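Student: So the protein lines, in turn, are chains A and B. Taking the working numbering, the leading residue of the first sequence gets -14, the next gets one more, and so forth. Taking the working numbering, the leading residue of the second sequence gets 969, the next gets one more, and so forth.
These aren't lab readings, by the way, just hints derived from the structure by calculation. Keep in mind it's a predicted model, so treat the numbers as computed, not measured.
Per the computed footprint, the stretches of chain A lying under chain B, defined by three or more beta-carbons under 8 Å from a beta-carbon of chain B, are:
1. -6 to 3
2. 37 to 44
3. 47 to 57
Glycine residues also receive a C-beta, built at the ideal position from the N, C-alpha and C atoms.
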Amino acid sequence: MRTVPSPKPVVVTSDSVAFCLQLSRVIESYNASALSPTVSRLREEGTDLCRQGLVRPGLIRLRRAIVSLKRTTP
Amino acid sequence: MSEPTAFAPASPQPGFLRLRSVSLRFALVYGTLFICSAVLFLSFIWWGTVGLLEHRVEQAITTDSRALFNIWSEGGPTGLTMIIDDRLEQDVDDNALYLLVNKDNKWVAGNLAEWPRQIISNDHWFTMPVQRSYAQDMAKVRAYALPDGYRLLIGRDISGRTLLRKIVTDTLLWACVMVTLLAIGGGWLIRRLFRHVIHSISRTTQAITHGDMSRRMPVQGSDDELDEIAITINEMLERISRLMDGVRQVSNAIAHDLRTPITRARTQLEDAALHAKNEDELRAAIEQAVGNLDNVTSICEALLRIAQIESGARRSAFVLFDLIPALQDVCELYEAVAEDHGLRFVQHLPDHLPFFGDRAMFQQAVANLLDNAVKFSPPHGIITLSAEVLSTARRSDGTRGKMLSLSVADEGIGMSEADMARASERFFRAEQARNTPGSGLGLSLVQAIVQLHDGQLQLASNAPGLITRIEIPLPDEETVPAVQHTTTNH
Ligand SMILES: Nc1ncnc2c1ncn2[C@@H]1O[C@H](COP(=O)(O)OP(=O)(O)OP(=O)(O)O)[C@@H](O)[C@H]1O
Ligand SMILES: [Mg+2]
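Bound-form chain A, shown alone (with noise of 0.2 Å):
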């Protein structure tokens, strides 16, 4: 294992409002009146977390709504 120094460190692109937006509308892409109450609950907040700039809370509770669809939906 090398631990390397770098000026420069990546930018990590999926903290972003934009991914936020991404995950919210891969939701809505499912069928939106099979949605369980849940789901659309954790979606709401998620993307409106992720308006106010609380990127990180949003995300959690958007990627939550997809494995509980996926986990649901085959």
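Keeping the supplied structure of chain A fixed, place chain B with the ligands upon it in accordance with the hints.
Tutor: Below, chain B with the ligands without anything else, positioned relative to chain A:
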């Protein structure tokens, strides 16, 4: 002028730290052992937590890479891109890092903006910083080469773990400091304890070397090892002083008892030289002197014999024999002597009595007892010799087993209690015995012989007269299969 300091012998340095001191060495060994085991223990904890965490991350990445390789071989870049997107969408832990680039180093999929410049080789672990929206984190990554010049970077954000690692490491470091303090404290305590013990021993022994033989080690009564040492040392001192007393008394007695016959012989010779009127008188004086000197020789011989027996060297001559014929040989001799003195001699002996020991020496012991009985009995008394086997007697070492009990009883002048206690001392003769011939070595020899056979000599009153009893442990049946009758004639 000489320089005394240069040649002065290395005197022990006074004061607190003396490297030659055993107690300090003890403390150092204790401390070292304590620290070593603690460090070993703490490093186990470190590997069990921090090491395990790192290993887990590496394992997760490796497993992930295998899955992604499979996807690639089925669906190529497009399939891999979809899966990577999927993974990022469902990454609830928010720590996954992926990057897929093509042969022109252009971004294809993943959540890293560009290929990190420091990662030049594939299949090695790297730890590198990544810029997140909230802070700069550390990530553990590994690059993999794919066909067509594609390259895949898989990583995990390990900041959470880094924090944990720091906490654990800090805790362990503190633990190390505490352990060191404890080791020093414990070592100091051990050193004090040790010194305390050693000092009390050395104080007593020093007092003794300076001539105070009455000093004894203090016994705490706690029944521990220290008490054991103290008791052993005290017993040793007891025995040494008893031996020293014995030696002193014997040398006094030798000086006295040898002096008397020598002085007498000298006086006789001198007297004869000055006053003898004829050859016969001279001859008679010389004969008397020779008799006195023979007496001296026999005393010396007896003393040497006792010393030789007490040294235990004759134990190698022990054999198994029947005691009865051996006793009868002695009795035959003393029957005649008793008759001469107008005494009756009675014997109570069993038919056989297997015995393990030195035949000639044992006969000598019995002869000495019979000699005393005859010597200290007025006419018409009865002398009884009896021997019997006690089957389950308690021996002196606490075990139970067969014992020989042999006693000689007479009806003579007897002894007072105080004299009995001293009877086996060398040269001891009771007040009433002063006008009988003898040197006071007979019972000492008996005592030495009996002790050589692990036995005991006891004196008791026969009212009137004295009973002398010898008790000697007999060999157990198991240890001696058959009685070998010794056929030595003498
Ligand atoms: N059977 C006995 N009756 C009375 N006193 C005895 C008897 N046996 C021993 N003693 C006393 O014990 C003393 C010590 O006995 P021990 O046999 O050692 O010496 P000893 O008979 O006087 O001299 P040695 O045996 O050397 O010729 C005797 O002097 C005597 O006072
Ligand atoms: Mg005697």
